[in-house]
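Q: Sequence:
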Amino acid sequence: MALNIKKLLVSQPKPASGKSPYFDISEKYGVEIDFRPFIKVEGVSAKEFRQQRISILDYTAIVFTARTAIDHFFHLCEELRVAIPETMKYFCTTEAIAVYLQKYTVYRKRKIFFTQNGTEEELAVIIGKHAKEKYLIPVSDVHKKDGLFHLLDAKKIDYTTTVMYRTVSNDFSEDEKFDYDMLLFFSPSGIASLMKNFPDFQQEDIRIGCFGAKTAQAVKEAGLRLDVEAPSPEAPSMTAALELYLKKELAKSKKNGK
2 MALNIKKLLV
12 SQPKPASGKS
22 PYFDISEKYG
32 VEIDFRPFIK
42 VEGVSAKEFR
52 QQRISILDYT
62 AIVFTARTAI
72 DHFFHLCEEL
82 RVAIPETMKY
92 FCTTEAIAVY
102 LQKYTVYRKR
112 KIFFTQNGTE
122 EELAVIIGKH
132 AKEKYLIPVS
142 DVHKKDGLFH
152 LLDAKKIDYT
162 TTVMYRTVSN
172 DFSEDEKFDY
182 DMLLFFSPSG
192 IASLMKNFPD
202 FQQEDIRIGC
212 FGAKTAQAVK
222 EAGLRLDVEA
232 PSPEAPSMTA
242 ALELYLKKEL
252 AKSKKNGK
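Numbering follows the numbering used here, in which position 10 of the sequence shown is assigned residue number 11; successive positions increment by one, without gaps.
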């Protein structure tokens, strides 16, 4: 009894480790899985940054909410020939993001702060204990002024956001095959890229799965059918939701004698 899902596209980069659950699922269910991001992140140019009229050295602390922000911040500093002083303080959403700073700077815990639980609320509390600092927050072009920013406003923290990177569609080439039975998405930008690359896209029997409520909303707003959604109580991850779906489909095909 075989699945009628033979080929699946995960709109993320291929896992660096060979231990990814996706590989286990591929082997267990005999499904071919390709990894191909629908979106990519690119940094703004030095010229675009200068147009924001922000001088990095006017600030005494930087807030990082993603490793992507760290990469583009330091690349931009290098391009602008800005030497970051050792007195600069760094505030990070998680320890993993804080540790990533080692790629660009000497890791000194007295100048690097991070939360224990990864919440914006805790980060705002930590920043509030250093209220005299002048904060610069690198963000993407699609950021929303909510969450952390409201918390910092309430504490009357002196901060400025600056766009240092943007999310763009990772366009498909004309000779690139698009013959999948199932597509998995992880952001509304991925759905927007699908519709940009394939304006005449007809879903028909193609299954669509997604992670996150905002992505699910984008699927529905695009007029597409959502077949698999994560997280859920029984499937906290995309891979768990995928396996659950394939298991049900396999049981269905066995029942139908296919």
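Just so you know, the hints here were simulated from the structure itself, not pulled from any lab data.
Source: prediction; values computed, not measured.
A few of these clues could be false.
What the hints assert, rightly or not - Calculated pairs, BS3-like style, for lysine-lysine (alpha carbon to alpha carbon, straight line, at most 30 Å):
{"id": "1", "residue 1": "Lys-178", "residue 2": "Lys-135"}
{"id": "2", "residue 1": "Lys-157", "residue 2": "Lys-7"}
{"id": "3", "residue 1": "Lys-135", "residue 2": "Lys-112"}
{"id": "4", "residue 1": "Lys-41", "residue 2": "Lys-15"}
{"id": "5", "residue 1": "Lys-20", "residue 2": "Lys-248"}
{"id": "6", "residue 1": "Lys-157", "residue 2": "Lys-146"}
{"id": "7", "residue 1": "Lys-15", "residue 2": "Lys-90"}
{"id": "8", "residue 1": "Lys-7", "residue 2": "Lys-255"}
{"id": "9", "residue 1": "Lys-178", "residue 2": "Lys-157"}
{"id": "10", "residue 1": "Lys-48", "residue 2": "Lys-20"}
{"id": "11", "residue 1": "Lys-29", "residue 2": "Lys-15"}
{"id": "12", "residue 1": "Lys-104", "residue 2": "Lys-133"}
{"id": "13", "residue 1": "Lys-197", "residue 2": "Lys-29"}
{"id": "14", "residue 1": "Lys-156", "residue 2": "Lys-133"}
{"id": "15", "residue 1": "Lys-157", "residue 2": "Lys-15"}
{"id": "16", "residue 1": "Lys-248", "residue 2": "Lys-48"}
{"id": "17", "residue 1": "Lys-90", "residue 2": "Lys-8"}
{"id": "18", "residue 1": "Lys-29", "residue 2": "Lys-90"}
{"id": "19", "residue 1": "Lys-221", "residue 2": "Lys-178"}
{"id": "20", "residue 1": "Lys-104", "residue 2": "Lys-41"}
{"id": "21", "residue 1": "Lys-90", "residue 2": "Lys-157"}
{"id": "22", "residue 1": "Lys-7", "residue 2": "Lys-249"}
{"id": "23", "residue 1": "Lys-41", "residue 2": "Lys-133"}
{"id": "24", "residue 1": "Lys-7", "residue 2": "Lys-256"}
{"id": "25", "residue 1": "Lys-7", "residue 2": "Lys-156"}
{"id": "26", "residue 1": "Lys-146", "residue 2": "Lys-112"}
{"id": "27", "residue 1": "Lys-256", "residue 2": "Lys-41"}
{"id": "28", "residue 1": "Lys-8", "residue 2": "Lys-48"}
{"id": "29", "residue 1": "Lys-15", "residue 2": "Lys-197"}
{"id": "30", "residue 1": "Lys-249", "residue 2": "Lys-215"}
{"id": "31", "residue 1": "Lys-7", "residue 2": "Lys-48"}
{"id": "32", "residue 1": "Lys-178", "residue 2": "Lys-156"}
{"id": "33", "residue 1": "Lys-90", "residue 2": "Lys-178"}
{"id": "34", "residue 1": "Lys-178", "residue 2": "Lys-133"}
{"id": "35", "residue 1": "Lys-215", "residue 2": "Lys-178"}
{"id": "36", "residue 1": "Lys-8", "residue 2": "Lys-29"}
{"id": "37", "residue 1": "Lys-90", "residue 2": "Lys-112"}
Claimed, not checked - Quick list of the computed label-pair ranges, beta carbon to beta carbon:
{"id": "38", "residue 1": "Ser-21", "residue 2": "Lys-197", "range": "40 to 50 Å"}
{"id": "39", "residue 1": "Asn-118", "residue 2": "Lys-249", "range": "28 to 38 Å"}
{"id": "40", "residue 1": "Val-83", "residue 2": "Lys-197", "range": "45 to 55 Å"}
For every residue, glycine included, the Cβ atom is placed at its ideal position computed from N, Cα and C.
Q: Now tell me if each hint is right for this structure.
A: Going down the list of hints, with the structure as the test:
1. Lys-178 - Lys-135: Roughly 50 Å separates the two Cα atoms, so the pair is violated.
2. Lys-157 - Lys-7: The given pair, whose Cα atoms are some 55 Å apart, is violated under the 30 Å limit.
3. Lys-135 - Lys-112: Distance of about 14 Å is within 30 Å: holds.
4. Lys-41 - Lys-15: holds (14 Å)
5. Lys-20 - Lys-248: The given pair, whose Cα atoms are some 20 Å apart, holds under the 30 Å limit.
6. Lys-157 - Lys-146: The hint holds at about 15 Å.
7. Lys-15 - Lys-90: Violated: Lys-15 and Lys-90 sit about 34 Å apart, past 30 Å.
8. Lys-7 - Lys-255: holds (16 Å)
9. Lys-178 - Lys-157: violated (52 Å)
10. Lys-48 - Lys-20: violated (42 Å)
11. Lys-29 - Lys-15: holds (18 Å)
12. Lys-104 - Lys-133: Between Lys-104 and Lys-133 the Cα gap is close to 28 Å, so the pair holds against 30 Å.
13. Lys-197 - Lys-29: violated (34 Å)
14. Lys-156 - Lys-133: holds (11 Å)
15. Lys-157 - Lys-15: Judged against 30 Å, a Cα distance of about 42 Å means the pair is violated.
16. Lys-248 - Lys-48: violated (52 Å)
17. Lys-90 - Lys-8: Distance ~47 Å between Lys-90 and Lys-8 Cα, so the pair is violated.
18. Lys-29 - Lys-90: Answer violated: Lys-29 to Lys-90 is near 48 Å, above 30 Å.
19. Lys-221 - Lys-178: holds (25 Å)
20. Lys-104 - Lys-41: The given pair, whose Cα atoms are some 21 Å apart, holds under the 30 Å limit.
21. Lys-90 - Lys-157: holds (19 Å)
22. Lys-7 - Lys-249: Within the cut-off at roughly 15 Å; holds.
23. Lys-41 - Lys-133: Violated: Lys-41 and Lys-133 sit about 36 Å apart, past 30 Å.
24. Lys-7 - Lys-256: holds (19 Å)
25. Lys-7 - Lys-156: The given pair, whose Cα atoms are some 53 Å apart, is violated under the 30 Å limit.
26. Lys-146 - Lys-112: Cα-Cα ~26 Å, so holds.
27. Lys-256 - Lys-41: violated (42 Å)
28. Lys-8 - Lys-48: violated (43 Å)
29. Lys-15 - Lys-197: holds (23 Å)
30. Lys-249 - Lys-215: Holds: Lys-249 and Lys-215 sit about 25 Å apart, inside 30 Å.
31. Lys-7 - Lys-48: Violated, at about 47 Å.
32. Lys-178 - Lys-156: violated (52 Å)
33. Lys-90 - Lys-178: violated (47 Å)
34. Lys-178 - Lys-133: At roughly 55 Å apart (the allowed maximum being 30 Å), Lys-133 and Lys-178 break the hint.
35. Lys-215 - Lys-178: holds (28 Å)
36. Lys-8 - Lys-29: holds (14 Å)
37. Lys-90 - Lys-112: Holds, at roughly 5 Å.
38. Ser-21 - Lys-197: 40 to 50 Å: Since the Cβ atoms of Ser-21 and Lys-197 sit about 28 Å apart, the hinted range of 40 to 50 Å is violated.
39. Asn-118 - Lys-249: 28 to 38 Å: holds (34 Å)
40. Val-83 - Lys-197: 45 to 55 Å: violated (35 Å)
Violated hints for the displayed structure, listed by number in ascending order: 1, 2, 7, 9, 10, 13, 15, 16, 17, 18, 23, 25, 27, 28, 31, 32, 33, 34, 38, 40.
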